[in-house]
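J.: Here the sequence shown is numbered in this note's numbering, starting from 1 and rising by one per residue.
Please note that a few of the clues may not be correct.
Derived lysine to aspartate or glutamate pairs resembling DMTMM-like cross-links, with alpha carbons at most 20 Å apart [what the hints assert, rightly or not]:
no., residue 1, residue 2
1, K33, D56
2, K44, E59
3, K30, D66
4, K83, D66
5, K30, E59
6, K37, E59
7, K44, D66
8, K37, D56
9, K83, D52
10, K30, D52
11, K44, D56
In short, the hints are calculated from the structure, not lab data. Quick caveat, the model's predicted, so the values are computed rather than measured.
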Amino acid sequence: MMTNLLNLPAISAIYRVWHGGQVVYVGQTKNLKQRWKTHHVLPKLMMHYGTDWRLDWIEIYPLHLDRAEAFAYRQFNPVLNQKNPSALLGL
């Protein structure tokens, strides 16, 4: 079931998109609510999964977003991410 994107909090966070028990996308934002109003991955999610996906997030202090996103990417290896944040940070 797709997450209700209208009720997202305006927080800095790492977010994960799940489909069928698998993380298919990870990202970071300083404002979760604003980010998902026009997220570039939303059309891909709808095309590949319809409404069979959900979003969760972990509130993260903005200073730690880059490292937290890189860790989540290494942990889940999401199929829809086009960039590897670990490589961008040299980790």
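J.: Would you mind marking each hint as holding or not holding in the structure?
T.: The hints, checked one at a time:
no. : hint      : in the structure
1   : K33 - D56 : holds (12 Å)
2   : K44 - E59 : violated (24 Å)
3   : K30 - D66 : holds (11 Å)
4   : K83 - D66 : holds (13 Å)
5   : K30 - E59 : holds (10 Å)
6   : K37 - E59 : holds (18 Å)
7   : K44 - D66 : violated (23 Å)
8   : K37 - D56 : holds (15 Å)
9   : K83 - D52 : violated (24 Å)
10  : K30 - D52 : violated (26 Å)
11  : K44 - D56 : holds (17 Å)
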